[in-house]
Amino acid sequence: MSGLRISVHGSKQLQAIILAMKVLDRETKKILRRETKAMVDPEWRKAVTEHASTRLEHRVLADTARVRVSDQNVTLSSATVGRSLSGGLKPSTHYYLPEFGADRSQERTYDARSRKGTAYQVTRHTTRQFRPRNRKGYVVYPAAADIIPRIAALWTQTIVRGIHEAFEKR
Amino acid sequence: MAKGINIGVASDTRDFAKGIKTGVIDPLEDASEVLEDLARDGDKAGDKLERSMRDAQRDTEKLSDEYRDLGRQIQETGRKGRDLGDGVKSGTDKAGEGLDEFKDEANSTAREAAASFDGSAESIGDAFQEVAANAFAGFGPAGAAAGIAAAIGIGVVIQKINEGTEDSEAFRQKVGELATELIETGREGGPGIDYIVDRLKDLATSAEEGDENLSDLADAADIAGRNYRKLAQAYAGNVDGLSDLVDGEKEYLEQLEHQQQLIDSGALDGDLNAIIEKIEAQKRIVSGLEESEKAAEDAAAAEQAYAAAGGPELEAKAERIDTIQDALNDAIGAYTDFEATEEKAADPQGYIDAMQARIDATTNFNSNVNLLAEKFQLSTDEVQAILDQGVDFGPMLQSIIDSGLDAEFIAKIQAAVGGGEEIVAGANLDASVEVDADTSAADEAIDKTAAKESENTVEVKADTKQAEEDIQAVADGTYTAKIGTSVDTSAASTALYNFASKKRTVTLQAEIVDRQGQKVY
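For the protein sequence lines, the chains are A and B, in the order given.
Going by this note's numbering, the first sequence wraps up at 170, each residue one higher than the last.
Going by this note's numbering, the second sequence wraps up at 521, each residue one higher than the last.
Read the hints as simulated data drawn from the structure, not as lab findings.
Ideal Cβ positions, reconstructed from N, Cα and C, are used throughout, including at glycine.
Some hints could be false.
What the hints assert, rightly or not - Computed footprint of chain B on chain A, listed as stretches where at least three residues anywhere in the stretch have a Cβ under 8 Å from a Cβ of chain B:
1) 13-22
2) 86-94
What the hints assert, rightly or not - Derived pair list, reagent style DSSO-like, types lysine-lysine, alpha-carbon separation capped at 27 Å:
3) K30(A) to K412(B)
4) K46(A) to K29(A)
5) K12(A) to K3(B)
6) K136(A) to K90(A)
7) K37(A) to K12(A)
8) K283(B) to K294(B)
9) K250(B) to K294(B)
10) K29(A) to K12(A)
11) K375(B) to K294(B)
12) K18(B) to K22(A)
13) K48(B) to K12(A)
14) K30(A) to K294(B)
15) K62(B) to K18(B)
16) K46(A) to K136(A)
17) K12(A) to K30(A)
18) K29(A) to K283(B)
19) K136(A) to K250(B)
20) K37(A) to K22(A)
21) K46(A) to K90(A)
22) K136(A) to K18(B)
23) K48(B) to K22(A)
24) K48(B) to K3(B)
25) K136(A) to K116(A)
26) K46(A) to K283(B)
27) K3(B) to K37(A)
28) K37(A) to K294(B)
29) K250(B) to K230(B)
30) K12(A) to K230(B)
31) K283(B) to K250(B)
32) K412(B) to K375(B)
33) K46(A) to K18(B)
34) K116(A) to K37(A)
35) K29(A) to K18(B)
36) K3(B) to K90(A)
37) K37(A) to K18(B)
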């Protein structure tokens, strides 16, 4: 089992680019952030899309996959977008159901009314459509664990190449 | 709780930064070497780099306790030893003395860079200059030359910064903003009213120490008895009559100084302290104005350089390509429209035909605009104004041309482009519309666009072929077949993917309602 994030303490390359970003001027940093995003964003979207299998997972987790780039880090995100889907599900508030699953044996009893108008109570499994609980996640977290080394490599290369090019221009 | 899922690629970045600042972590001694290795390996090293990142990822989990301890140590030191951090700062503030020592440590250039994070611009520049010179030494002759050039380049920049006291970060930012404004509005002789209003608001609300600030200016103007309104606008970047204003204010300053001399020598009655106060205030006003004037000059020079480099043409071209490309993308993405209008969700040929119709409409629209641009010598702004109407405007444009009303239409467009300000200024719109034609650029742009378009048509066709197959697969296939589709499309482009998933909505809804639950596993 491999890990998820990469600690800066353990990677000289990451340390080097973070240090380098600290001393660059604002304009260069802006360009580098933009270029990094352009490199990393499609990779992340692709990774999440490949890990998503059901329609719900695609809608809630894959379609909302985004990347944010700062001077010190690259943040992979999903379901941070606040817009509701057509059925009313808001990915940002209920992302955990497709990602971490739910207690599938959960039953709820609620009032219903028959076509003739008689009130009665029904008991249903209300979370059967989700996968079983899994703390490690089903879509976004496995995708991140898979892709983070590659994204870190892309990020590093983009910064290094960018610095090199910035110097050549001057 | 944070919304959604956020995973940072690198962890412990804050600890790392803090650790360096407080001195718990030694900044990577060989940072420049690492960068150098990375740069030398270039793109070939992608796999190698990825592997080493994967190792680091594994280590992060294995060594999580150690890393946590390190983080705790850093935090504690940060709390206890603020003076240590200050020590680093004061050390770098004395960059002049410290620098010679730094230079002796041949292999720790990165340390210098790291140590000077919070130092002056000068110290950063000096340290970085060395990093630059060393970092590229490993490139062989060409690389060394680049490194040296970079180092020299930085040296020149630093020197420039030191030359004028005004050339501070804030000043450069001001010049940059003003230049951007000039480029964007394309106006000669000054920025637009919106810009000045924004800047005034900025000035009114900026409360940082040392910043120019409206209330300070108001005080100065009040004491010196000057027109605050004009001054404030000039500070905010209004260049109309700026040089006259500067001259006038300088003259007034001289008058005041003359008065002061007269009072001082007893030739004139008056309050000496009051006049000195006035002079001080007036000096502040004049220096602020001079800064504004210099900023305006620099910005104008930057704008001219931008124009001379062909910036506006490129920009106009890019904008046109965007507009046309948007229309083409719409053609691809118009499946929902098609579905709504045609009520034939699984009619591939019909869909492709509709797409082709849309592409044709775009081409036609573009060539009509091209025609008008040539006939009436339209400026790029005016061409863009027509293009902004969108492809849906195409049929109307065709009728306008067919009915011979094109001259009238163009006159209206020309009057409308940039008309707002003239109306306010009371200009007669019908009387003078300046036509600034640059058709050669426009022609070129359209030619390029046309060439691009044909490429796109090829792409679109390739896409639809794939899409056609997908539609067929969905229409004919069973549930299993659909899973296959989703796997295929995940590798394809996002656009195509969206397209494919839309299509699935249509076909699946009817037959899967009952099986929805099973689909989960």
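**OP:** Mind checking the alpha carbons of K48(B) and K22(A) for me, to see if they're no more than 27 Å apart?
**Re:** holds (25 Å)
**OP:** For the pair supplied as a hint, K30(A) and K412(B), confirm whether the alpha-carbon distance does not exceed 27 Å.
**Re:** Between K30(A) and K412(B) the Cα gap is close to 41 Å, so the pair fails against 27 Å, i.e. violated.
Original post:
Are K46(A) and K18(B) close enough, with their CA atoms no more than 27 Å apart?
Top reply: At roughly 34 Å apart (the allowed maximum being 27 Å), K18(B) and K46(A) break the hint.
**OP:** Would you mind confirming whether the straight-line C-alpha gap from K48(B) to K12(A) stays at or under 27 Å?
**Re:** Cα-Cα ~14 Å, so holds.
Subject >> K37(A) paired with K18(B) [C-alpha distance capped at 27 Å] >> reply: This hinted pair holds, its Cα atoms lying about 25 Å apart.
Subject >> Given pair status - K283(B), K46(A), alpha carbons within 27 Å >> reply: violated (61 Å)
Original post:
Is the straight-line distance between the alpha-carbon of K46(A) and that of K136(A) 27 Å or less?
Top reply: holds (20 Å)
Subject >> Given hint K12(A) paired with K37(A) - CA-CA distance at most 27 Å >> reply: The given pair, whose Cα atoms are some 22 Å apart, holds under the 27 Å limit.
Original post:
For the pair supplied as a hint, K30(A) and K294(B), is the alpha-carbon distance within the 27 Å limit?
Top reply: With a Cα-Cα distance of about 26 Å, the restraint between K30(A) and K294(B) holds, given a limit of 27 Å.
Original post:
Per the coverage rule (Cβ-Cβ under 8 Å, at least three residues), is the segment 86-94 of chain A covered by chain B?
Top reply: holds (count 3)
Subject >> Hinted pair K283(B) and K294(B), Cα distance within 27 Å >> reply: Holds - the C-alpha atoms of K294(B) and K283(B) are around 16 Å apart, at most 27 Å.
Original post:
Hey, K12(A) versus K3(B), does the alpha-carbon distance stay inside 27 Å?
Top reply: Violated - the C-alpha atoms of K3(B) and K12(A) are around 32 Å apart, more than 27 Å.
Hint violations for this structure: numbers 3, 5, 11, 18, 19, 22, 24, 25, 26, 28, 30, 33 and 34, all remaining hints satisfied.
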